[in-house]
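Colleague: Please model the entire structure based on the sequences and the hints provided.
Quick mapping for you: the protein sequence lines, in order, are chains F and W.
Residue numbering for the first sequence follows this note's numbering, starting at 1 and increasing by one per position.
Residue numbering for the second sequence follows this note's numbering, starting at 1001 and increasing by one per position.
The set of hints was computed from the structure by calculation and includes no laboratory data.
Predicted model, so just to flag it, every value in this text is computed and none were measured.
Errors might be hidden in some of the hints.
Stated by the list, open to error - Straight line, CA to CA, 27 Å or less: simulated DSSO-like cross-link-like pairs of lysine-lysine:
hint: 1; chain 1: F; residue 1: Lys241; chain 2: W; residue 2: Lys1140
hint: 2; chain 1: W; residue 1: Lys1131; chain 2: W; residue 2: Lys1199
hint: 3; chain 1: W; residue 1: Lys1076; chain 2: W; residue 2: Lys1174
hint: 4; chain 1: W; residue 1: Lys1174; chain 2: F; residue 2: Lys241
hint: 5; chain 1: W; residue 1: Lys1174; chain 2: W; residue 2: Lys1038
hint: 6; chain 1: F; residue 1: Lys241; chain 2: W; residue 2: Lys1238
hint: 7; chain 1: W; residue 1: Lys1238; chain 2: W; residue 2: Lys1199
hint: 8; chain 1: W; residue 1: Lys1199; chain 2: W; residue 2: Lys1253
hint: 9; chain 1: F; residue 1: Lys241; chain 2: W; residue 2: Lys1076
hint: 10; chain 1: W; residue 1: Lys1174; chain 2: W; residue 2: Lys1140
hint: 11; chain 1: W; residue 1: Lys1253; chain 2: W; residue 2: Lys1038
hint: 12; chain 1: W; residue 1: Lys1238; chain 2: W; residue 2: Lys1253
hint: 13; chain 1: W; residue 1: Lys1131; chain 2: W; residue 2: Lys1174
hint: 14; chain 1: W; residue 1: Lys1038; chain 2: F; residue 2: Lys241
hint: 15; chain 1: W; residue 1: Lys1131; chain 2: W; residue 2: Lys1002
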Amino acid sequence: MINILLRYTILFVLTLLALSALSFTLIYLFPAEPIINLTGITPQNSIQHDALVRQYRLDSAYLIQFWHYLEQLFSGNWGYSLISGQPLKEEVLTALPATVELSTYAMMIVILVGIPIGCYSGLRAYTNADFTINSLSVTVYSVPVFWLAVLFILTFSLQFGWLPLSGRLNLLFDIPSQTGFLFIDILLADDVDTSLAMRDAFLHLILPTLSIACISTAAIIRITRRSIIDVLNKPYITAAKARGLSNRQIFFRHVLRNALLPILPLMAMQITTLITNAMIVETLFSWPGIGNWLIQAIYQRDYSALRIGMLAVSTLVVIITISIDLFNRLIDPSREKFESVTI
Amino acid sequence: MKQVLDVSGLTFRHSSKKRWLKKPEIFSLGPIDMQVTKGETIAIIGQNRSGKSLLAKMLAGAVEPDEGNIHLMEEKYWSVRHRAARKNADITGIRMIFQHSSESMNPGITVGQILDEPLRLNTGLSDAERKALIADTLVKVGLLREHIYFYRHMLSDGQQQRVALARAILPEPKVLIADEPFAALDPTIRSQTVNLILKLQQEMGLAFIFISHNLGIVRHIADRVIVMDGGQIIESGKTETIFRWPQHETTKKLVLSYQSLIPQQTLR
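Modeller: See the structure below:
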């Protein structure tokens, strides 16, 4: 047990080290001067330039520079944005929760809708209902997310005018950002009509969440269906049938758990797709999340922001992937204890 | 001579329709008639694809037959017209050990839970009583009490076979069916298992129907032999009679192939 935790911790630390090394090399790979890429501050004269170089140890060996870079990252000094001049840490920490919020709701839809439909389709395998569900999910899965989002906007916002077009909340509401998660912020905020703000935030949430969730739901339906069919063909299901168990008992006692265990890592892989899709959809809906922020940084050649944005997003993905894998390892009895750790 | 199991007219038909680029496939089994008395050991032998496993599965209820009746202890156990009969009947009466006994256990739960399920669903025993019974049965089949905490993949093939046996005998069935129970075991474990089953059979008086390709074991433990080919019973009778005076062509070949291993004996 301790061994497993230790292995995962080592894997986690090594992955993060590699990622931070990559972001460190970006300082030298980006076209501008290293000191500008690192700090985001454009020195006005040679005295300020030399002072910054000395402060960030850019005059010493690369390894010492890297060590100093890590120290700066851990102490929270992530540099400044080239364009806005704001500290990057603040910008990332306001943008990231919006993305996490969006992905969480989308993931909830994916799990609550995808797994039951997948189970139903797997239990009714090779019937008309199954074929209908399967072909629908293949169709939805093959639709590009940006096109689907634009289609939603055209239909529900422009044609019918039911749902708001962009943003996270109507500008009339003034919600101070405390945690970064909108619903919690609304609850915390004073002198705001809570129910009205909640309703507005919910309406803003529907379209982006749906357009992200659709594709991952389609993927999860097909994965779950396949897994259910595989488990149903296992001899222990025949054995359970021979013992006289009803279909309901067989499903809940023997099928469900054994079918869901192997697809948990696949769901973790879906999360990365989900976050990527979230970043695309954010741009379309002007959602103030990390994706939108990164695209803006790319357009404006904000090198220091790109470096930190890459590090923040990849750290988030690594944390989620490793923790789901660890969780799966802990609850799956049939996985070998000595199997090596991978992501 | 008390009749335990009475099978009449058991039939199974499988035909997949003709499809594009696919020949129609027709396989039918039966009609099968057989009677089993208390404490009797019956061996089913035959070539591959002769319907042995299917017959065993139909007897145990894992596959539904298309026609026929099964009576257990003079009571209707299964029939096409009374599908509901199986719900009311004592379904612990016939238990089966499957061909791949390791595959026939749920990998996600412990041996204790695997053994607990039939007891919890079929008897009104309390937790403590069930636990004691499971521990006793594990000891009876030659395992340890501690094995209730093991998962299937932690056990060796022989131990998994024993767990499957324990699961089958726990609800005290009248008939035990086993599909090639000795195939994957090495000679030592095999003879241990054979002796174990014979001992249990004496203690509990259950009828034992098994499928085997190992004619040595068949000759050693079976009272009666059923020879199957192409979904039909082509010959059945006392073991010695079948082995000494086989009538049917296929039976002759089977017996001859076995006896060619023992040169001093000749067919009469």
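Colleague: Give a verdict on every hint.
Modeller: Hint-by-hint comparison with the structure:
Proposed proximity of Lys241 of chain F and Lys1140 of chain W is supported: the alpha carbons are some 26 Å apart, at most 27 Å. For the hint pairing Lys1131 of chain W with Lys1199 of chain W, the CA-to-CA distance comes to about 23 Å; that is within 27 Å, so the pair holds. Restraint check for Lys1076 of chain W and Lys1174 of chain W: the C-alpha separation of about 14 Å stays at or below 27 Å, so the hint holds. A threshold of 27 Å between alpha carbons decides the hint, and for Lys1174 of chain W with Lys241 of chain F the separation of about 18 Å falls inside it, so the pair holds.
Of the pairs offered as hints, the one joining Lys1174 of chain W and Lys1038 of chain W holds, with about 8 Å between alpha carbons and a cut-off of 27 Å not exceeded. Restraint check for Lys241 of chain F and Lys1238 of chain W: not satisfied, since their Cα atoms lie roughly 33 Å apart, outside the 27 Å limit. Proposed proximity of Lys1238 of chain W and Lys1199 of chain W is supported: the alpha carbons are some 21 Å apart, at most 27 Å. Under the criterion of a C-alpha separation no larger than 27 Å, the hint pairing Lys1199 of chain W with Lys1253 of chain W is inconsistent with the structure, at around 32 Å.
Between Lys241 of chain F and Lys1076 of chain W the alpha-carbon distance is near 19 Å, which keeps this suggested pair within the 27 Å criterion. The straight-line distance between the Cα atoms of Lys1174 of chain W and Lys1140 of chain W is roughly 18 Å, inside the 27 Å bound, and the hint therefore holds. Between Lys1253 of chain W and Lys1038 of chain W, the direct Cα distance comes to roughly 31 Å. Violation of the 27 Å bound is thereby established for this hinted pair. The hinted pair formed by Lys1238 of chain W and Lys1253 of chain W meets the criterion: a straight-line CA distance of about 18 Å does not exceed 27 Å.
Between Lys1131 of chain W and Lys1174 of chain W the CA atoms are separated by roughly 22 Å; this keeps the pair inside 27 Å, and the hint holds. Between Lys1038 of chain W and Lys241 of chain F the CA atoms are separated by roughly 25 Å; this keeps the pair inside 27 Å, and the hint holds. Our distance criterion of 27 Å between C-alpha atoms is broken by Lys1131 of chain W and Lys1002 of chain W, whose separation comes to about 33 Å.
Of the numbered hints stated above, those contradicted by the structure are hints 6, 8, 11, 15, listed in ascending order.
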